[in-house]
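Each chain, letter by letter, is given below.
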Amino acid sequence: MKLFPNVYCLICHEIILNPIGWGSIFSEEKEQFLCKTCEMRFEIIEGETCQICGRMLRYLGENFRKGELCNDCIRWEEDDQWSGYLERNHSLFLYNDFLKEVLATYKFRGDYVLAKIFADYLKDCMRKIKTDLFVPIPLSEERLYERGFNQAEALIIESGFTPSRLLTRVHSEKQSKKSRMERIHILQVFQINPQVEIKGRDILLIDDIYTTGSTLRHAAKLLKDSGAERIQSLTLAR
Amino acid sequence: MRFRLQSNILSPQRDIKNSLPISQIHTIPQPLANPNFLFNPDIQLLLTGKQLILDDLPFTLEEIQKHYENGYVTYRKGIEYIRNRPACSRCGNKEENWFAQFPCSRCGELCLYCRKCLMMGRISACTPLIGWSGPQPVHTLPETILGWKGRLSDGQQTASNYVVEAVNNNNELLVWAVCGAGKTEVLFAAIESALASEKRICIATPRTDVVLELTPRLKAAFPRITVASLYGGSEERHLYAPLTIATTHQLLRFYQAFDTLILDEVDAFPYTVEESLQYAAVQARKPESAMIYLTATPNEKWQKECRTGKRAFTTIPARFHRHPLPVPRFTWCGNWQKHLKKDKLPANVFHWIKERLQTQKQSLVFFPHISLMEKALPILRQLAPDIEAVHAEDPDRKEKVQKMRNKEIPLLLTTTILERGVTFPNIDVAVIGAEDDIFTESALVQISGRAGRSKDYPNGVVTYFHYGKTEAMLRARKQITAMNKEGVRRGLIDT
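Protein chains in written order, with this note's numbering: chain A, 1 to 238; chain B, 239 to 733.
The following block holds chain A by itself, in its conformation from the complex (with noise of 0.2 Å):
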């Protein structure tokens, strides 16, 4: 047994040096699961943005926008069978890059202990979300099989939440290997567990990423049609 082990970024497995300081002698120290160099990679959402789905509106021409919505969010609230399902969504980081890499390495290579990185942010946010219930974005059965592990499912586990699996999903094809009219036309793809009483239940969904947000509204539909409160949502990136 070493006395202070290493430890390695998660990302880049290089051993995290700390700064030590009469601080990290007498207070108990955070875990830590990146290198700084690591961290500084990932851009959090800040500043202005869309009122619906959180996405910066900084990056967005002024003809894209109306006021503090995006012309996507208008779009679906312009939409009578997709107007006020989904109040909010709220996303953490931009999806650049870096973040498309560390995410498809967690995902598809399933390298599950990356939600750990996400776990401090995550577990920030969901404190100041007013809800009743964590409800990840499930998978079906056979992707649920193949890839081991349900990405949303162990955000909020990692994050110290429980999660309510209040939805099963119907196997379809890859959501990735859509284009958005597809996605947004694609019937029910969710069905309801029957067992949990969501009537006036505020909820929060979980994902890992916001992309056109039709996953995230049919699952707000599906939720609200059977009587929840109010649906927002939480993804990783946007």
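Simulated from the structure, these hints should not be mistaken for lab results.
Treat the hints with care, as some may be off.
What the hints assert, rightly or not - Stretches of chain A that chain B covers, calculated by requiring three or more beta carbons in the stretch to come under 8 Å of a beta carbon on chain B:
id: 1; stretch: 30-42
id: 2; stretch: 141-147
Unchecked claim - Computed list of chain A residues with no C-beta within reach of chain B, every gap over 12 Å:
id: 3; residue: P5
id: 4; residue: L57
id: 5; residue: N71
id: 6; residue: E77
id: 7; residue: L92
id: 8; residue: R109
id: 9; residue: K128
id: 10; residue: G160
id: 11; residue: V196
As the list claims (entries may be wrong) - In silico DSS-like links for lysine-lysine, alpha-carbon gap of 30 Å or less:
id: 12; chain 1: A; residue 1: K100; chain 2: B; residue 2: K636
id: 13; chain 1: A; residue 1: K199; chain 2: A; residue 2: K130
id: 14; chain 1: B; residue 1: K332; chain 2: A; residue 2: K36
From the three backbone atoms N, C-alpha and C, an ideal C-beta is built for every residue, glycine too.
Given the coordinates of chain A, assemble chain B onto it according to the supplied hints.
Just chain B now, kept in the frame of chain A:
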């Protein structure tokens, strides 16, 4: 996934009761081969000499299980616990920080997985590694195996004889051949002999570039033999072939596959630093097999083993064109980094380069670090605007090397990325800052080996500009002169 152990046979089980993840089963029973079983020849071709996970296989679990029950397929534990410490059976990883756990939906337990070889598909404590124990595929042999009509130099011929002997007797042998000796041709006779006795051969190398370069040469030399060329992203991942050319990474998918394993450039990155690749090479050999190492620059340890008789080796001390290797000259150039800070180069370096530009002699100039090289580039471009610089992450690396070959570039600045594997027929070579740690003995020998490659231009100038001689520089020069001496002594160099 979970298995149930019943009447000395494993069977996959979804039910948690009476079943275990494979790594928790003490010994994996292997049923005896049923001679009346009609096996699927596609599974045979895919699995012979392999260790794959179910996700790699285009067959159903039921069919694989049927082959196991009839003694044709083997299951091994993906993760083996040795005295309660985990080890990855595929890549040999035993380091704690390279393992992690997850709540696994396949076995329903907290499951340990290996992060080291994750990129080849996740191996976890409930993953079976699947292999083949049925009959080996039959190799049909053409009448003539070797189509190569060239002639070996005397030096090559001697080495070739040794390699044939080692391959036939399943021995280990190091072929220490100087840069430009023509080591690929030295293998032909041994490969022919191995193929003739229905052996399976693999040439493995750490570098994809080398795989891509060797493949057409071997296909041409053995025109009627199936050759599988394996590297990350290669289409031939599942091709069974008597002759395989692969990166050392790809060896991770093999298990006791080859009767002859030839390891080219054993001293090159990343083989030297990645223990998993060395482990993979050992795993990929059959227990009874020959191992041939090829290199121009064995490390110090190996050199010592050769000198003290602890390692079987043969040398090719001279190039096929019978001229001696260019011996590096040492030239002191003062604190050249300080010069660079003032946007200058030491006078003797500047002169060396200017002279070559004037006489239109193409040259390679090596720098220890990208930043220093990029500082020097604009200074030199004042002499000739078409000078280029190249490094490992350069997206235009291939184009620039090609331009150099086409003589469209008078002078190419480079990091150690071009220390090996590239041949320009008529060039001079300079190393700026040869004292830097990055220029090890073997790097310097390889760099010097870039000059005088062609028989039309066998002489090239090699200059190490330095700010203090290092042990590595002295050893590199010593190695080169020793090879030249041996070449003369053995009558392989015309004097």
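- Non-conforming hints, listed in increasing numerical order: Of the numbered hints given earlier, those the structure breaks are 1, 3, 8, listed in rising order.
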